[in-house]
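Novice: Those protein sequence lines, which keep their order, are chains A and B. Residue numbering for the first sequence follows UniProt numbering, beginning at 1 and increasing consecutively. Residue numbering for the second sequence follows UniProt numbering, beginning at 1 and increasing consecutively.
A hint or two may mislead.
Any copy will do: because identical chains look the same in the list, a pair fits if it lies in one copy or spans two.
DMTMM-like, lysine to aspartate or glutamate: derived pairs with alpha carbons at most 25 Å apart [as the list claims (entries may be wrong)]:
#1 K64 to D147
#2 K16 to D119
#3 K64 to E22
#4 K64 to D104
#5 K3 to E22
#6 K139 to D119
#7 K153 to D49
#8 K139 to E5
#9 K106 to E127
#10 K153 to D73
It should be emphasised that the hints constitute simulated quantities derived from the structure, not laboratory data.
Number of protein chains: 2
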Amino acid sequence: MKKEEYFMRLAIEEAKKAADQEEVPIGAIAVYRDQVIGRGYNLRERTNDATSHAEMQAIRGANKFLNNWRLRDVDLYVTLEPCSMCAGAIVLSRIRCVYYGASDPKAGAAGSLMNLLQDDRLNHVCEVVSGVLKEENQKLLKDFFKDLRKKRKINSRKHLR
Amino acid sequence: MKKEEYFMRLAIEEAKKAADQEEVPIGAIAVYRDQVIGRGYNLRERTNDATSHAEMQAIRGANKFLNNWRLRDVDLYVTLEPCSMCAGAIVLSRIRCVYYGASDPKAGAAGSLMNLLQDDRLNHVCEVVSGVLKEENQKLLKDFFKDLRKKRKINSRKHLR
């Protein structure tokens with residue numbers, strides 16, 4: 001298995017932890033010298049914290065592990081294209097390379113709506129590799145929302161009785 | 001005193017707490033129905049956390065206070081124009097209005113480099129009021145960096161002895 005697929009599978013494992021808690025399944029992993037030093041998954045609903053995205057937790061974990069806010073030789077693997085908040089945090093922490101799975105045409109800030117990771121007016125420019133295990137990552141989100149719609153339908157039927 | 005100046009002065013008080021800890025003085029306050037429900041100041045160096053910006057702490061405080069990730073009737077007062085991470089977090093949390101003091105021509109994402117707070121492709125658009133106590137906020141940062149350069153000069157002299 002290619003290294004980037006190996007680490008993306010670990011990010012997918014994180015995303016599944018979110019789905020298990022009925023959160024939108026997005027997961028992230030921070031890697032330093034082939035070692036996982038930060039991980040996270042979306043927990044917005046459960047924590048009621050708008051900033052509780054997978055990437056933010058993985059970055060904070062890596063900051064803590066290295067005892068440094070600069071993550072110069074750290075790579076980030078994330079199942080969905082980062083939003084502008086997370087892309088901003090990635091640039092601020094000087095992450096080397098971002099590997100992401102599915103694109104986010106509605107809010108993606110790493111190539112879709114904008115590309116904050118490679119805006120040379122900012123004080124750091126990342127490498128970006130998109131579409132890592134793309135189909136698998138797209139399916140993960142698609143299945144989650146399909147399931148959610150099904151559950152909502154059942155709940156609204158219950159309500160009618 | 002105008003209401004926006006009153007709350008901006010509270011944000012300046014937060015910024016001064018950062019300066020007292022030798023952090024770049026940036027402060028923020030979250031206000032809901034004229035009540036301060038979140039506050040924060042820049043603590044990047046002390047916490048070694050790249051995401052430890054004033055606005056992020058104020059938003060998380062407000063999320064906690066309201067037990068809700070949606071901050072629909074919440075206003076944010078911040079001494080410096082938000083960066084792209086913080087602007088992203090502001091949009092994600094649906095903050096109503098952002099009042100900021102000094103502009104940031106190097107990294108400002110609320111009008112200077114870009115305007116993420118008013119990008120109608122995203123799922124929320126904020127009101128923005130810039131230049132609140134502008135001179136005072138500019139001076140706060142200018143004095144801090146002047147002082148820092150002075151200290152560094154003394155330290156490098158010490159080093160030469």
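Novice: If a hint holds in the structure, say so; if it does not, say that too.
Specialist: Results of checking the hints against the structure:
For the identical chains of this complex, K64 and D147 are neighbours neither inside a copy (36 Å) nor across copies (29 Å), given an alpha-carbon limit of 25 Å. Within a single copy, K16 and D119 get their C-alpha atoms no closer than 32 Å, and across copies no closer than 31 Å, so neither meets the 25 Å cut-off. Only between protomers do K64 and E22 lie at most 25 Å apart by alpha-carbon distance; the minimum there is 20 Å, versus 28 Å within a single protomer. For a Cα distance limit of 25 Å, the shortest separation of K64 from D104 qualifies neither inside one copy, at 29 Å, nor across copies, at 28 Å.
In this assembly of identical chains, K3 and E22 lie within 25 Å of each other by CA distance neither inside one copy nor across copies; the values are 29 Å within and 41 Å between. Proximity of K139 and D119 under a CA criterion of 25 Å is satisfied in neither setting, with 30 Å inside one chain copy and 29 Å between copies. For the identical chains of this complex, K153 and D49 are neighbours neither inside a copy (27 Å) nor across copies (42 Å), given an alpha-carbon limit of 25 Å. Taking the closest pair of Cα atoms, K139 and E5 come within 25 Å of each other only inside a single copy of the chain (16 Å); across copies the shortest separation is 50 Å, beyond that limit.
For the homomeric pair K106 and E127, the shortest alpha-carbon distances inside one copy (22 Å) and between copies (21 Å) are both at most 25 Å. In this assembly of identical chains, the alpha carbons of K153 and D73 never lie at most 25 Å apart, being 47 Å within a copy and 31 Å across copies at closest.
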